Amino acid sequence: MTAPMLSVRGLVKSYHGKPVLEGVDLDVEEHQVVVLIGASGSGKSTLLRCIDLLEDVDDGQILLDGRDISDPRIDADEARQAMGMVFQSFNLFPHMTALANVALAPRVVHGSSRSAANDRGRELLKRVGLSDKADAYPDKLSGGQQQRVAIARALAYEPRLLLLDEITSALDPELVGEVLALVGELASSGATIIMSTHEMAFAQEVADLVCFLDGGTIVESGSAKQVFTDPQQDRTRQFLRRFTGGFAR
Amino acid sequence: MMPPMTTTALDRVAYRQSRARRSTLIALLSTVVFAAVLLFAVTSSPGWPRVRESFFNLRVGWESLPALLDGLWLNIRVLVVCQILIMTLGLVLAAVRTLRGPVWFPVRALATGYVDLFRGLPLLICLYLVGFGLPGLRLTGVPTNPVLLGGLALVLVYSAFVAEVFRAGIESVHPSQLAAAKSLGLNYRNTMRLVVLPQATRRVTPALLNDFVALQKDCGLISVLGAVDAVRAAQIQSATAYNFTPYVVAGLLFVALAVPSARLADWASRRVATRQGAL
Chain A
27 MTAPMLSVRG LVKSYHGKPV LEGVDLDVEE HQVVVLIGAS GSGKSTLLRC IDLLEDVDDG
87 QILLDGRDIS DPRIDADEAR QAMGMVFQSF NLFPHMTALA NVALAPRVVH GSSRSAANDR
147 GRELLKRVGL SDKADAYPDK LSGGQQQRVA IARALAYEPR LLLLDEITSA LDPELVGEVL
207 ALVGELASSG ATIIMSTHEM AFAQEVADLV CFLDGGTIVE SGSAKQVFTD PQQDRTRQFL
267 RRFTGGFAR
Chain B
18 MMPPMTTTAL DRVAYRQSRA RRSTLIALLS TVVFAAVLLF AVTSSPGWPR VRESFFNLRV
78 GWESLPALLD GLWLNIRVLV VCQILIMTLG LVLAAVRTLR GPVWFPVRAL ATGYVDLFRG
138 LPLLICLYLV GFGLPGLRLT GVPTNPVLLG GLALVLVYSA FVAEVFRAGI ESVHPSQLAA
198 AKSLGLNYRN TMRLVVLPQA TRRVTPALLN DFVALQKDCG LISVLGAVDA VRAAQIQSAT
258 AYNFTPYVVA GLLFVALAVP SARLADWASR RVATRQGAL
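Residue numbers (this note's numbering), protein chains in the order written: chain A, 27 to 275; chain B, 18 to 296.
Among these hints, one or two may not hold up.
[Unchecked claim] To give an idea of the interface, some chain A residues facing chain B are shown, with a C-beta separation under 8 Å as derived from the structure:
{"id": "1", "residue": "Asp78"}
{"id": "2", "residue": "Leu80"}
{"id": "3", "residue": "Val83"}
{"id": "4", "residue": "Arg99"}
{"id": "5", "residue": "Asp103"}
{"id": "6", "residue": "Met111"}
{"id": "7", "residue": "Asn117"}
{"id": "8", "residue": "Phe119"}
{"id": "9", "residue": "His121"}
{"id": "10", "residue": "Val134"}
{"id": "11", "residue": "Val135"}
{"id": "12", "residue": "Ser138"}
I should point out that these hints are in silico values taken from the structure, not numbers from a laboratory.
Note that the structure is a prediction, hence the values are computed from the model and not measured.
Heads up, the beta-carbon is just placed ideally off N, CA and C, and yes, glycines get one too.
Given only the sequences and the hints, what does the whole structure look like? Please build it.
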């Protein structure tokens, strides 16, 4: 077996003395879709933010292709270029058009010419079904459209790993589908994805690996079928029961 | 296509329009009455004839106008050059103050000290110190031109104010925007340049233009160093005509200068708002 693409080992993170992650271990293979589930405050977002180096890690390691990117001595800007993150509240740049948002990183970080970056941006906007919104500013788009632009923005520089942080939680229910459909398509095209979500049905459908987080650790992980139909831990059973209304018995 | 309106709807529209017309009329009427009362109160005061003669003498005002306009032209040139320097220096100071990391401590401390000093120092005292103190050193290369020295003092004091305005703008940009920029791999410089500063500048435009109008007036203070600007020209004209009207005319000229800036500020903030879809 080859070494995993991403390997998180013993990750510890606390905010102002309050522990959030208390020793997380996670291996992600290339082309794998990993879904993080768990109650609010269980550390899903923090784990994703730590992987993208948006938080300083207290202890443990994050190995990306064997290199420890959590080491404060490495260039975090450079390490992040291998990853694309999509946020719960989109975080599009409000002073830029949809196309400018998508073309920003290829042009500024990856040295594409303005026209090449714009071409690439248009291509991605087309892929997420928003060719006609290239010149629209984010505030003029619906939540679902904004989130699709954000996904296009994260894909623009072909990151090796996509981090999706509850990307449908801020959307109106009728807009969730269009975003999840896009993620499903990315998953089947071979993207490597780590995502946190409360959409259990979707998780079951796309996940290669489901991790249940509680109290800052991964309590249980396994295939979607195993975790959803035959959870081994009491805490997992409780969570799933509460969440899906008696789905896991 | 709009659906055809029912009688009730048409009636309501008509009623609202008539209410709107009525409001306008009342506003107009009350303004006229207010102005008339004010005018009467001033003109019927016992000292009015003498005040009119020494402050609102049309002949003296007209005759002093060419000299005042010459002076104002100097103010405008000083204003433009100083404003450019102030914006640049202010932005640099603000950016420096947001730098993190121990390496930058001396630069940060220097910028903080600069802002503390020049924001606190009264402009008039700064003008005296720079205008009379600097040439007094008799160093070669130090200009003695009162316009240059006056401009320098203005830049020193105003850049400290503008730096704080910019810093407030920078700190008002939500951390989620920083996270988004970082997650795309942008480094600190590019994050600042492409994501934070454009948003910060838009947000503080009204405050910056406010400082700009204040600078327009304070440009008149370089007259204390002997530069013949609008204020000094007014002083000269007053002294020759034994009349205060030139001061009033100069004052009105400064007001006239400020009005376009204010409209520009309104237009700029409206444009940003409509473009981003907030309106």
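Here is what the structure says about each hint:
| no. | hint | result |
| --- | --- | --- |
| 1 | Asp78 | holds (5 Å) |
| 2 | Leu80 | holds (5 Å) |
| 3 | Val83 | violated (15 Å) |
| 4 | Arg99 | violated (14 Å) |
| 5 | Asp103 | holds (4 Å) |
| 6 | Met111 | holds (4 Å) |
| 7 | Asn117 | holds (4 Å) |
| 8 | Phe119 | holds (6 Å) |
| 9 | His121 | holds (5 Å) |
| 10 | Val134 | holds (5 Å) |
| 11 | Val135 | holds (4 Å) |
| 12 | Ser138 | violated (13 Å) |
When each numbered hint is compared with the structure, violations occur for hints 3, 4, 12.
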